[in-house]
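Engineer: Below are the chains, spelled out letter by letter.
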Amino acid sequence: MTIRPPTLRDKRRYLLVRVDPPGTQIDQKELYYAVSDAVTSLWGDATAAAIVQAVICAEGDYVVFRCRRGTERELAIALSTITQFRDTKCALRIIAASGTIDSLRDRMKKPEPVADGAPAAECRFGGKDCQIAHCDGQKVDVIEKGFKNTHRLFLTREDLEKPHATTIPDGI
Amino acid sequence: MKITDAGVCPYPNGDSSVRRFALEAAVLGFDSLVAIDTSVNANYGEVGVRAGLFIRNAGMKDVITQVKRVKETGTVVSVKAGDAGFNRAVVSLRGVHILRGIHAADKNAFDHVTAKMAADSRVAIDIDLSVLIAGRGIARQRAIQRYRDVLVLENRFEFPLTFSTYARSVLELRAVREISGLGSLIGMNIPDVERALAGVATVTESLRPAVKVLP
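Chains as they are written, first to last, in the working numbering: chain A, 1 to 172; chain B, 1 to 215.
Simulated from the structure, these hints should not be mistaken for laboratory data.
Each hint can be trusted.
The list that follows gives simulated cross-link-like pairs (lysine to any residue, SDA-like), each with its CA atoms no further than 20 angstroms apart:
(1) A/K89 with B/N13
(2) B/K80 with B/M60
(3) A/K89 with B/R136
(4) A/K162 with B/A42
(5) A/K162 with B/S39
(6) A/K110 with A/D136
(7) A/K162 with B/V40
(8) B/K68 with B/S92
(9) B/K80 with B/R168
(10) A/K89 with B/A134
(11) A/K139 with B/N43
(12) A/K145 with A/G126
(13) A/K139 with B/P12
(14) A/K139 with B/A42
My request is simple: use the sequences and hints to build the entire structure.
Structural biologist: Written out as structure tokens, the structure reads:
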């Protein structure tokens, strides 16, 4: 089959989405199924067929979705109903919508380089030992140390500094 | 207009601290939050956090006692909806700001009489976004039905509305634009969503007399 001329092709739109929490492993195929499930559950098969959603690329914490022009709103609402992905709690934050992928790439924030071999910073919160999983400005994500019930806690520097100021290493 | 999420559950009920909630809420476009079951009344950066009391599964006597206890502390008081009689009593009780969980109550629990009483005493009806976000299938369909029904009454009687995400984690918070999209699922247009986002400010500000008597 020959390729259609541009005037006969479907007009597409691209959505730039950031996956929270940072550092979540993104498998494009599984993400596609999660989005497809959310779209079908919310809008039904007929609208899902009209949206024609697809995962174009995943770079760092960012993912680019594609949909048919005019259905961005429906896709965006469906994306906001995704609460977990691969049994991990996550949130898809919509950053921008555009007609080209190039313009979306400009809005992707480059990840900060992590020093290899650096010891993971530790702290105490709520009487428990925690390991710092991510730190961005005032935001600090920590994971409780242990073999089970190791939840990720979303805190700020102030939360860690005020009650246990002496236990915080300089790393954070 | 103060854009407010009328219900979040910070640490220890959830996995995020109040400060972190405030930081994320500022990024997502909120001006204030109501932190349920906390006694925090503070500003963190640009976001104001108000203490919230959520009274659940209590009889009318308990409700009255608990409302009296937090009187004039600036706490946002909300009560979980029950049957029609309970809801009417709660709505007419001074000091109650929000009636929550309408989607889970009986179909006749919130009727035109309660709606009129809510409008008269300026008690807001809460729209629980967590059902729309995390619910699937029949649970979400029922919630959408109930909220559409509530909106019919709201158009007629003009009682205040509020939006709550009941977020236990910052990952469960949603941006103002996303809330506007979710509101459209239950038939709300942009002005309706704006009014609902400002609902907490509407019900907590003190009433000014319509007529001022000059000496």
